[in-house]
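Chemist: Listed below, chain by chain, are the residues.
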Amino acid sequence: MDFSMDEETILLRNSAEQYLRENCPTSFVKEVVKEEAGFSRTMWKDMADLGWLGLIYDERYGGVGGRFFDLFILFEEIGKVLLPSPFFCSAILSGLIIDEAGDLRQKDEYLPPIIKGEKIFTIGLHDEQGRYDFNNPDLEARETKDGDYILKGTRILVPYAQVADAILVVVQVKDSDAGGPTIFKVDTRADGHKVVPLDVFTEEKTFTVVYEDVEVSSGDVIGGVGEGDAYLNKIFPKATILKCGEMLGGLERVFGMTLAYVKERHQFGQPLGSLQVVQHYCADMATFLETTRLITYQAASLLSEGLPCAKEVSMAKAWCSDAYKKCTWIGHQLHGGIGFTEEYDLHLYYKHAKASELSFEDSWFHRSKVAEEMGL
Amino acid sequence: MRFSFTKEQDEFRQEIRDFLKAELEAGVFCAHSASLVGPPSREFSLKMAERGWIGLTWPEQYGGQGRSYVEKMILNEELFRVQAPIGYHFLADRQVGPALMSFGADWQREYFLPSIVRADEGMMFCLLFSEPNAGSDLAAVSTKALKDGDYYVINGQKVWTTGGHLADYGWVLAKTNFDSAVPRHLACSEFIVDMKSPGVTVRPITNVVGEQDFNEVFFDDVKIHTRYLVGQENAGFKQIMAQVDYERAGIERLMQNYLIYERLIGYVKDMDEDSKKGEFYSRVRDSIAQLEIEYNIGRLLCYYTAWVIDQGKKPTSQAALTKAFCTQYEQRLNDLATRVLGPISQIKRGVKWSPFEGELADSYLWGPSYTLQGGSVEILKNIVALRGLGLPRK
Chain A
94 MDFSMDEETI LLRNSAEQYL RENCPTSFVK EVVKEEAGFS RTMWKDMADL
144 GWLGLIYDER YGGVGGRFFD LFILFEEIGK VLLPSPFFCS AILSGLIIDE
194 AGDLRQKDEY LPPIIKGEKI FTIGLHDEQG RYDFNNPDLE ARETKDGDYI
244 LKGTRILVPY AQVADAILVV VQVKDSDAGG PTIFKVDTRA DGHKVVPLDV
294 FTEEKTFTVV YEDVEVSSGD VIGGVGEGDA YLNKIFPKAT ILKCGEMLGG
344 LERVFGMTLA YVKERHQFGQ PLGSLQVVQH YCADMATFLE TTRLITYQAA
394 SLLSEGLPCA KEVSMAKAWC SDAYKKCTWI GHQLHGGIGF TEEYDLHLYY
444 KHAKASELSF EDSWFHRSKV AEEMGL
Chain B
9 MRFSFTKEQD EFRQEIRDFL KAELEAGVFC AHSASLVGPP SREFSLKMAE
59 RGWIGLTWPE QYGGQGRSYV EKMILNEELF RVQAPIGYHF LADRQVGPAL
109 MSFGADWQRE YFLPSIVRAD EGMMFCLLFS EPNAGSDLAA VSTKALKDGD
159 YYVINGQKVW TTGGHLADYG WVLAKTNFDS AVPRHLACSE FIVDMKSPGV
209 TVRPITNVVG EQDFNEVFFD DVKIHTRYLV GQENAGFKQI MAQVDYERAG
259 IERLMQNYLI YERLIGYVKD MDEDSKKGEF YSRVRDSIAQ LEIEYNIGRL
309 LCYYTAWVID QGKKPTSQAA LTKAFCTQYE QRLNDLATRV LGPISQIKRG
359 VKWSPFEGEL ADSYLWGPSY TLQGGSVEIL KNIVALRGLG LPRK
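Residue numbers (this note's numbering), protein chains in the order written: chain A, 94 to 469; chain B, 9 to 402.
Note that these hints are calculated values from the structure, not bench results. Take the hints with a grain of salt, since some may be wrong.
[Said to hold, decoys possible] Derived coverage of chain A by chain B (criterion: at least 3 residues anywhere in the stretch with Cβ under 8 Å from a Cβ of chain B; other residues may be distant):
| hint | stretch |
| --- | --- |
| 1 | 95–101 |
| 2 | 343–356 |
| 3 | 368–382 |
| 4 | 386–397 |
As the structure is a computational prediction, the values presented were derived from the model and not from experiment. Backbone N, C-alpha and C fix where the C-beta goes; we use that ideal spot for every residue, glycine too.
Given the sequences, and given the hints that come with them, work out the whole structure.
Modeler: Below, the structure is given as C-alpha cells:
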C-alpha cells in the first residue's frame, strides 16, 4: 500500500489543473453549450496538442503511450470544471473499441486522426428505452447478399453526433447465427443517416440518430461479427472508471464550493459553518469525498497495472454514483435558494451527478455485480 | 500509487496467518465476536512478544521492531479476523506506548516500553478518561490531583473503564490547576497509577450484553509519586488529543464483528436454490454488496490512515473520519445480519436455535457501544469539521 502519487502524475495533474482553470471557468461552460458545436474547437486542438487525447495509445498511432492511471487523474481534473467536449465519446469510448477490436487497417486509419483531434467519433449504445439492449429491434442490421449491411432504426442519447465524422453503432445482425451484437462504424455523411438534437438536462450535446436504410460496408465492421459484447465488456471497466474519475472531480468541486459558502454566509449573526448541524453535513461530505477517492483510485490503479479488478470497478461505480449524488443534495441544502438559480454553478454538478450515475449503470446494477463476484 | 502489498508484507501476513491458524487448531482460543478485544490472555501476549509483534512500530531501543504502521495494520487485520485474545497488551501497545514515546520521561520509557513489549507480568493497562460528568466533554474532568511535596493526591471518580478490573496500571487524566481563570483544557495532567494503590476501588458495571467489560473506578486519597506524571503538568488535554488519534486509527473499529460478516455471507451462500429465486434474496444480495463496499472502503481508510502516520503526519482528522465511518458499518452489519437470520437472531447463546452460537444476539447488543466509545460519531464529526475542514467555532 503506497498512497503517494509519482512525480510524472503530479506534473500532468498540475498542468491539466492550470490549463483548465485558465481556459474552462464555469462561465465558459455555460456559454459554449449554447453554441451549435457545444465545445470549443480551440480547446479541442489544445487537448490534442497536450497529448490528452492520445494519452494511453501507442506511439505508432501518435499516442503518448502513457499510463491509464494518469488518464484517470486527467478525468478527475476534467470533472472538476465539467469541460464539455467529445473527449470521452471519441478518444475514449470509440478509441478504446477500435484499439481493442479493430484490425490493423482500421487502427492505422482511425486512431491517428482521433488522437490528433482531426476526426471526431462517437458511439450509439442506447436503444429507444435508453438501455444497453443491443437486441432491441429499435435498430436492425440486415446483411445484404454482397456481404455488406443495411442499418434501419434509431439510437438515442448519442453525444456530439452533430459534429461526429463517424459513429460506432452496436447492433444485432438480423437472422445471423453469430450470437451477440456487432460493432459497425457508420460514416455520418452516409445516405439515410439523420441526426436530431435531443434536449437533455446536462451540458453535453446529445442527439437521436436515425438510420433509414443506411448502407455499411463489411469493411466497416469493427472486430468480429457477433462479438461486440466481448469488446464492450473489455473496455467498459476502463470507461466506467474514467467516468468515476470525472465524478470524483465533480464531487470535489461541489464540496469545495459548499465549504467556502458556509464559511462566508452569515445567518443568526454567525457564519453558517459555525452551526454544528452544518458542520456535520460538511463532515459527511468530507467522508464521501475521502471514501470515493480511495475506492476509485484503487480501481484505477489496478486497471492501470492490468490486474483483475471486476469487483473493485463495480464497487467504485456503485459508491461513486451514490456519493456524488448525495453530495450534490447536501450542497443544495446548504446553499439554500442561491444554489437553485441558473446563475449559480451548483446545478451543473447536480445534473452531472445524475447523468453520470445513470451512465454505465447505477449502484443497483453494480452492487449486483459485486454480489456476483462474492459468489452470491 | 499502489493498492497491493509488497512481497515482504505478503509474507508477513502469511506468517501471522500461519501462527493464528495453529493457535486456533490447538484450541488456544476460540474466535468470539463483538467486544473490542477478547478476554486478556498473558500467555497469548507472550507468544506475540516472542515474535516481536508487540510494539511492532516502536524504535529498537525500546525493544520494538521499528516497522511501519502499514505493517502494524496488517498484523491487526489478521488478529481481528479471528478475534485473537490480545486484550492483555492491546491498549498499552496501541496508545500507552506511543504516548510515552511522545511525552514520557526517560525513566518511564525505559521502564515501561521494553516491559510492555515483552508482555511482562503486571503490564496490563486501562484508560481512565471519562467521568460521570465528563463524557464527550472530556475537558470537564473533575478528578483532582493535588500536589503535596513529591506526591500527588488523587480524588475522584472515573467511569467506562474497559478492563479496569483486570489492569495493573491505569492511565489517568486529572485536574491539576484549580484557578477558575485558567481554561479547562490547560488545567489537567496525565498520570500513570498503579491500580493496586491504596484508595483505588474498581466496581464492575454490567453492560447491555450482560457482560462485565467496563467499570467505575474511585480514587480516595490515592497517593502517587510525582515521577508518575506523564509529560508536562497541565498539558494533559493536549497530550490526550494526540494519543486518541492512535485509538481511532485502528482497524479494530471495523472488524469487531468480522466473524459475523463471514458467517452472514456463508449463510446467504448456503440458502437453498428455491429461496434464492425470491424477492427476499435479491434484497439481501443488494444489502450485502453494499456492506461489502463499505467494508472495503473502511479497510482502505484504515490503511490510508496508517500510511499517513508513516509519512510522519498527524492523522487527527483522518483518524476521526475513519473511526466514524467504520463503526457505522459495524452497526449496519449487525442490523442486516439479524434481519437476514430473522426472529431467531434474538436467541442468546447456549441453546440449539441460537444462530452463530449466540454471537449474533450479542453482537447486536454490542451495537450502540461502537459509535460511542473512543469518541462518539458526533464528536468525531466535530473534529473533522473544526480541525480538518477549518470551519469556525461558535
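Chemist: With reference to the structure, classify each hint as holding or not holding.
Modeler: Outcome of the hint check:
With 5 residues carrying a beta carbon less than 8 Å from a beta carbon of chain B, the stretch 95–101 of chain A meets the three-residue requirement, and the given coverage holds. By the rule of at least three residues with a Cβ nearer than 8 Å to a Cβ of chain B, the coverage given for the stretch 343–356 of chain A holds, with 3 such residues. A count of 10 residues in the stretch 368–382 of chain A with a Cβ less than 8 Å from any Cβ of chain B is obtained; the coverage claim is therefore met, three being the minimum. Proximity of the stretch 386–397 of chain A to chain B, defined as three or more residues with a beta carbon under 8 Å from a beta carbon of that chain, is established by the 6 residues found.
The structure shown violates none of the earlier numbered hints.
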